[in-house]
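So the protein lines, in turn, are chains A and B.
Following our numbering, the numbering of the first sequence begins with 1 at its first residue and continues without gaps.
Following our numbering, the numbering of the second sequence begins with 117 at its first residue and continues without gaps.
The hints are simulated quantities; they were obtained by calculation from the structure and are not laboratory data.
Remember, predicted model here, so these are calculated numbers, not experimental data.
Keep in mind that the hints are not guaranteed to be accurate.
[Said to hold, decoys possible] Quick list of in silico lysine-lysine cross-link-like pairs, BS3-like style, CA-CA up to 25 angstroms:
| hint | chain 1 | residue 1 | chain 2 | residue 2 |
| --- | --- | --- | --- | --- |
| 1 | A | K68 | B | K212 |
| 2 | A | K24 | B | K212 |
| 3 | B | K170 | B | K212 |
| 4 | A | K24 | A | K78 |
| 5 | A | K78 | A | K68 |
| 6 | A | K78 | B | K212 |
| 7 | A | K24 | A | K68 |
So you can see what is in the structure, the chains are spelled out below.
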Amino acid sequence: DAGVIQSPRHEVTEMGQEVTLRCKPISGHNSLFWYRQTMMRGLELLIYFNNNVPIDDSGMPEDRFSAKMPNASFSTLKIQPSEPRDSAVYFCASRPGSSSYNSPLHFGNGTRLTVT
Amino acid sequence: GIQVEQSPPDLILQEGANSTLRCNFSDSVNNLQWFHQNPWGQLINLFYIPSGTKQNGRLSATTVATERYSLLYISSSQTTDSGVYFCAVITGTASKLTFGTGTRLQVTL
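Given these sequences and hints, build the entire structure.
Right, here's the structure in full:
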């Protein structure tokens, strides 16, 4: 099992540029989550999908953020245009099943985004 | 929403010492996980433990759901145990995992 795979590991971009973060969940996992980690706010949920369908995007900070899951093995988080305050580590996580009752969450290694 | 508090916020141990980390939560939970974030930023799943006790090597965890707390025990600590330990919970039918603020552990030689 390769685990949750995220790319790139690091991204440095200039303010105003579009940024796309990618995630491949563990095969067979039905739920996918995007989290953001900052010193000020800790780990916060941005959006999650069940069976490729977005269920709750209330954590997405602004319209500049969008996420898609075109199929069960791939998801993207896009920021357009990026701003310095978007600098953070972005984690993708997946879980087998759509129920919260009996399945732990598995995290990828994260993408460290720096917007200058 | 549910509140998740961890203590202590910071902990410095000498190698070989034992420690207990605590996680208190404000509502009943269906899912509780302990994670270790290592110095490279990776979030490692330690335990999935909504109730009861589990052990994995030098680590063990106990969750007393009726009293709304969980404990993580680290025995014979090693420098590789350094990092931040998070507990995270899910309540009711929601799928959102709410994280505590973490305990930062430093193990010294």
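Evaluation of the provided hints:
1. A/K68 with B/K212: Holds, at about 18 angstroms.
2. A/K24 with B/K212: With a Cα-Cα distance of about 20 angstroms, the restraint between A/K24 and B/K212 holds, given a limit of 25 angstroms.
3. B/K170 with B/K212: holds, 23 angstroms
4. A/K24 with A/K78: holds, 15 angstroms
5. A/K78 with A/K68: holds, 8 angstroms
6. A/K78 with B/K212: holds, 21 angstroms
7. A/K24 with A/K68: holds, 12 angstroms
Figure legend: structure checked against the earlier numbered hints; every hint is met.
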